[in-house]
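Undergrad: Residue numbers (numbering that gives the first Met the number 0), protein chains in the order written: chain Y, 0 to 512; chain L, 0 to 348.
These are computed hints drawn from the structure, not numbers from a lab. Treat the hints with caution; some may be incorrect.
[What the hints assert, rightly or not] Listed below are several chain L residues computed to face chain Y (Cβ distance under 8 Å; list not exhaustive):
# : residue
1 : L46
2 : F217
3 : G226
[What the hints assert, rightly or not] Computed list of chain L residues with no C-beta within reach of chain Y, every gap over 10 Å:
# : residue
4 : V67
5 : D183
6 : I236
Since we're looking at a predicted model, the values are computed, not measured. We treat Cβ as the ideally placed atom computed from N, Cα and C, and that holds for glycine.
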Amino acid sequence: MPSEAPAPLLTMTAITKSFPGVRALDGVDLEVRAGEVHCLLGQNGAGKSTLIKVLAGAHQPDGGTVAWRGETVSLRSPSDAVRLGIATIHQELDLVEHLSAAENIHLGHEPTSAGFVIRPRVARQASAALLRRLGHPEIDPDRPVGALSAAQRQIVSMARALSHDVRLIVMDEPSAALDPDEVDNLFRIVDGLTDAGVAVVYISHRLEEIRRIGDRVTVLKDGRAVAGGLPARTTPTREIVSLMTGRGVEHAFPPRPSEPPRAAPVLTVRGLALEGGFQPLDLELRPGEIVGLAGLVGSGRSEILETVYGARRPTAGQVLVDGRPLRPGSVPAAVRAGIGLAPEERKAQALLMLESVTRNVSVSSLGRFARGGWLDRGAERAAARRATRELSLRPDNPDAAVRTLSGGNQQKAVLARWLLRGCRVLLLDEPTRGVDIGARAELYAVIRRLADEGLAVLMVSSELPEVLGLADRVLVLREGRVVHTAPAGELDEHRVLDLVLHATDAAAEGSQT
Amino acid sequence: MTHPMSPPAGGVPPAPGAEKPAPPPEGRRTAPRTAFARLDVRTLSLLGVLAALVVAGGVTRPEAFLDVDNLRLVLTQASVIGVVTVGMTFVITAGGIDLSVGAIVALASVWATTVATQEFGFAGILFTSVVVGLGCGLVNGALIAYGAMVPFIATLAMFASARGLALLITEGRTQRVTVDGVLDLGSRDAYVLGVPPLVLVFAAVTAVGWLLLNRTTFGRRTVAVGGNAEAARLAGIDVRRQRLYLYLLSGLCCGIAAFMLVVLSGSGQNTNGNLYELDAIAAAIIGGTLLTGGRGTIVGSVLGVLIFTTITNIFALNNLQSDVQQIAKGAIIVAAVLVQRRTVRNELA
Chain Y
0 MPSEAPAPLL
10 TMTAITKSFP
20 GVRALDGVDL
30 EVRAGEVHCL
40 LGQNGAGKST
50 LIKVLAGAHQ
60 PDGGTVAWRG
70 ETVSLRSPSD
80 AVRLGIATIH
90 QELDLVEHLS
100 AAENIHLGHE
110 PTSAGFVIRP
120 RVARQASAAL
130 LRRLGHPEID
140 PDRPVGALSA
150 AQRQIVSMAR
160 ALSHDVRLIV
170 MDEPSAALDP
180 DEVDNLFRIV
190 DGLTDAGVAV
200 VYISHRLEEI
210 RRIGDRVTVL
220 KDGRAVAGGL
230 PARTTPTREI
240 VSLMTGRGVE
250 HAFPPRPSEP
260 PRAAPVLTVR
270 GLALEGGFQP
280 LDLELRPGEI
290 VGLAGLVGSG
300 RSEILETVYG
310 ARRPTAGQVL
320 VDGRPLRPGS
330 VPAAVRAGIG
340 LAPEERKAQA
350 LLMLESVTRN
360 VSVSSLGRFA
370 RGGWLDRGAE
380 RAAARRATRE
390 LSLRPDNPDA
400 AVRTLSGGNQ
410 QKAVLARWLL
420 RGCRVLLLDE
430 PTRGVDIGAR
440 AELYAVIRRL
450 ADEGLAVLMV
460 SSELPEVLGL
470 ADRVLVLREG
480 RVVHTAPAGE
490 LDEHRVLDLV
500 LHATDAAAEG
510 SQT
Chain L
0 MTHPMSPPAG
10 GVPPAPGAEK
20 PAPPPEGRRT
30 APRTAFARLD
40 VRTLSLLGVL
50 AALVVAGGVT
60 RPEAFLDVDN
70 LRLVLTQASV
80 IGVVTVGMTF
90 VITAGGIDLS
100 VGAIVALASV
110 WATTVATQEF
120 GFAGILFTSV
130 VVGLGCGLVN
140 GALIAYGAMV
150 PFIATLAMFA
160 SARGLALLIT
170 EGRTQRVTVD
180 GVLDLGSRDA
190 YVLGVPPLVL
200 VFAAVTAVGW
210 LLLNRTTFGR
220 RTVAVGGNAE
230 AARLAGIDVR
240 RQRLYLYLLS
250 GLCCGIAAFM
260 LVVLSGSGQN
270 TNGNLYELDA
280 IAAAIIGGTL
290 LTGGRGTIVG
300 SVLGVLIFTT
310 ITNIFALNNL
320 QSDVQQIAKG
330 AIIVAAVLVQ
340 RRTVRNELA
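Only chain L is shown next, with the shape it has when bound in the complex:
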């Protein structure tokens, strides 16, 4: 999607060792291309995979899978992890990693559902979710940007301590939500034109994320830091500040996701968001974001999330256990990375 500068889809990659620049583009692209004018091969293949899954679901369990309520469920489930994945996409595009997203979701969801917080009603729950997410992101970002810690280590530490703190708060109990406004948001009455509100939140986060990555200086700096941090630094970009902002952004997304999860489950639990870090990283990678940084795609990440959620749903409908699901996910990740590596190698040849 978002790389108007890369060679045209299906174009011939430069021959190895070619030192002459590409032939001048006669009349090509007189105006800047919009991202919608070009769906690259990767996006098309992700759409193809998703379509194939829908067909598979429709064939194996026609009534159950194609049921409107089931499709709503798939989208709703995708929404929570999807919001986390949007934040993760930024972090990975900048060459980082955030292993703490699941733990932050857990901590934010339980902090937002304590008895004390619930006294402040809807606003209290929403505010606490977001602030706890931002706070964790701030700690991650400060350690990485100004404490010169490796992102893997800093966020691994946050992973452990945020989950620990969540357990400490709940003492392992499920904290039921008693605020009607929050519970109502998850009910059928709150659907907007048949679409659950959480799905609308996901759509909004996706749109904002896409614009942020592709249309703002923030996004451009993110890509530059991930593509070549040293070059970005020597070009005058404040790389450390950018990194701080990126982990704050990921924390914010976790806070939003935590609120969505509270709405969805009507409770806060310290086991919330389990393995979200793996799902979000995997979705971003199969979507086409480079784990080495320098290239990121929000559309790809969202498709990755939808593919994973659909697989889970189809497997569940067909009574296949989660072990099989995990194996299938693993295979998809490997296949996607192999394809990605070949594409990048061709481009860099």
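Just chain Y, same shape as in the assembly:
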């Protein structure tokens, strides 16, 4: 890593990008020098992914400029980025499982003779050389990628990046799926790249990694770069954490009830575990209570909700409603017992996008409006309308197509579904994802009101302030294990981030509730 300050390789200035309902990037600057490891830090939803997609040519920015070696360029497509020498290794590796390592490495730029006849031997040799250079000579270029381990796939993905004449590599959480040994190898590779003058943009949640290999740090927060080019090794952790958490927008959270709920638990989870998902978990949820699960993506939060709901079959343990155990791995059983789920991916997992609000709301309660299978559509519509009105869903039109609703109102349609069903335990996975900042406060109020009316709520959110502001009690998760449980009032963002970022096993106080 050179100690002098070379001219910037890449300069992104005032980049803005909006999606319907969200301003993902709000004037971000990023400057990367040749031969440095530039770390990108930020909480989930801070805009890191959007920024690197702009850099990879996958998203077109609404505003701002990108300069490459001092010249303004426009990245209209991923191939523009590749041509300049920008490669991205995505978190979800984009390899074709049925093709061999060599075929994946050369996908889209196969060595050919006469322009179209693929020369597999050349590709194989070039691939073998790349894999050797990356410290993994044991990967057979002819093996299908589907047969490789996660770490080996990552190496293949990296080899693909290096098979181009690359000047800048973006790595999106490359260590997430790796063992400590493999992380060491990754860092050796990164060192080798930077010695050769290649710049690396490195995204990770693990502060200790950034300390080890980073040169400079840019911190993103709510779509803005709140700090650019901080020294990676010497900036105090406290400063970095407060840059990541410093609140731009204060949300109004509804007040908690003065009395803690005393009713008997409606939901009891005993030793519930999912292999590869989360460790045995015990949990009690009382009517009127909101419990939050805090943790990073991949800490097992969504898996817990889905397993409680029966959408995944647990490897151990039980879910009980009113003391009666549910049939494991059965969604209909959970729904009959009064559990409802508002899943993380609303469009993919919850909504019937071709259908009206009414039909989206009534889909879990069809039996109520039917006699002998014959639907009373008037009753269905009226009941759906009562439920959506109770949540002030806009527009107040039960025939509106659900796809025309804003994110917040689509979420209300999902909540109305469970309200209509008369459910007693509500599982919320990222309840405000894709919801306008302005509409969030209203959703918070709705959720609290439902709890006050006797619903038990178990929620997951990547937004720490949301968990801390809305929940009564918080379970902090790290790598599938509950490392801390406390009333939300006794926690703050720093404490939780410490717990989820650091390997502070001393804080593992078990998972009792």
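Fit chain L to the known structure of chain Y by using the hints.
TA: Leaving out everything else, chain L in the frame of chain Y:
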């Protein structure tokens, strides 16, 4: 027809990127709309195509085409494939496909016309047709719903084996029907107010299918499974059981169609129902049922069947060979799908 929630016909589709909901509907629709109150653009255009075909037939072969007997023939031919198409419409609406319908019709028709079955007379033939259809549907449905097989593969396997079994039973021979009650049903004496009974069966199946799809929990679940199977599952619908029922329904329709074919031809043959799978899928698609699932229309499917049957009839009357017919059908399918894709894209924009 059947989508009271979609934007009004001819309405302006939401502008791309529009995030604001549609303006509130002032006084619009105070009561739930009936499907008859609104004929959507697609249904109207299908009716238009059918009317144009009738005009074309009337112009090219005025006496032969507009003859009452010829029109009865068209309707009767449409009836058999039409019943199959109603079942197919459900399967496709739920995001599936049934490639085995023609083979099931063949198997059911030959099983129902074996000497042993015919000893039980009319009831034996009817019962066997229906039970064989249901049995094949049960196998399809069990493989797809509980064996996690892709519908294309499972029904392709049924396609091959049902036809093979039909050949095994008949040894390639035509099995003549000797039961008078069955033969009578196909004769002129059985017409009800001038309408052949098979056409009445088709009308009844269509009506039941329409009600089932649009007025019952079964239909609603079918649409939900096809629109978003994962969302349906997480909403508490037993998606696998629903899929089983759907292939049973398709099998039942095949059984009914097989009986109709036995009545119509007075025989059972292992070549019966040849290419029915293609005709039924094509009719459903041009009718407006989405091959990707989530939207289905019985009325559209029936119009699709009528259009295809009318084309075949007109071509035959004009001495055009079946190769030309096939080319024309292909062109119609392509045109219909292109139109459909644009409509859906507009709606989802």
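Undergrad: If a hint holds in the structure, say so; if it doesn't, say that too.
TA: Hints and how they fare:
1. For the restraint placing L46(L) at the interface with chain Y, the shortest Cβ-Cβ distance is roughly 23 Å, beyond the 8 Å limit, so the hint is violated.
2. For the restraint placing F217(L) at the interface with chain Y, the shortest Cβ-Cβ distance is roughly 6 Å, inside the 8 Å limit, so the hint holds.
3. Checking G226(L) against chain Y: minimum C-beta separation of about 4 Å stays under 8 Å; hint holds.
4. Distance check for V67(L) against chain Y: the nearest CB is about 38 Å away, which clears 10 Å, and the non-interface claim stands.
5. For D183(L), the shortest C-beta to C-beta distance to chain Y comes to about 35 Å, beyond the 10 Å cut-off, and the non-interface label holds.
6. At the 10 Å boundary, the C-beta of I236(L) falls inside the reach of chain Y, the nearest C-beta of that chain being 7 Å off.
Checked against the numbered hints listed earlier, the structure breaks hints 1, 6; every other hint is satisfied.
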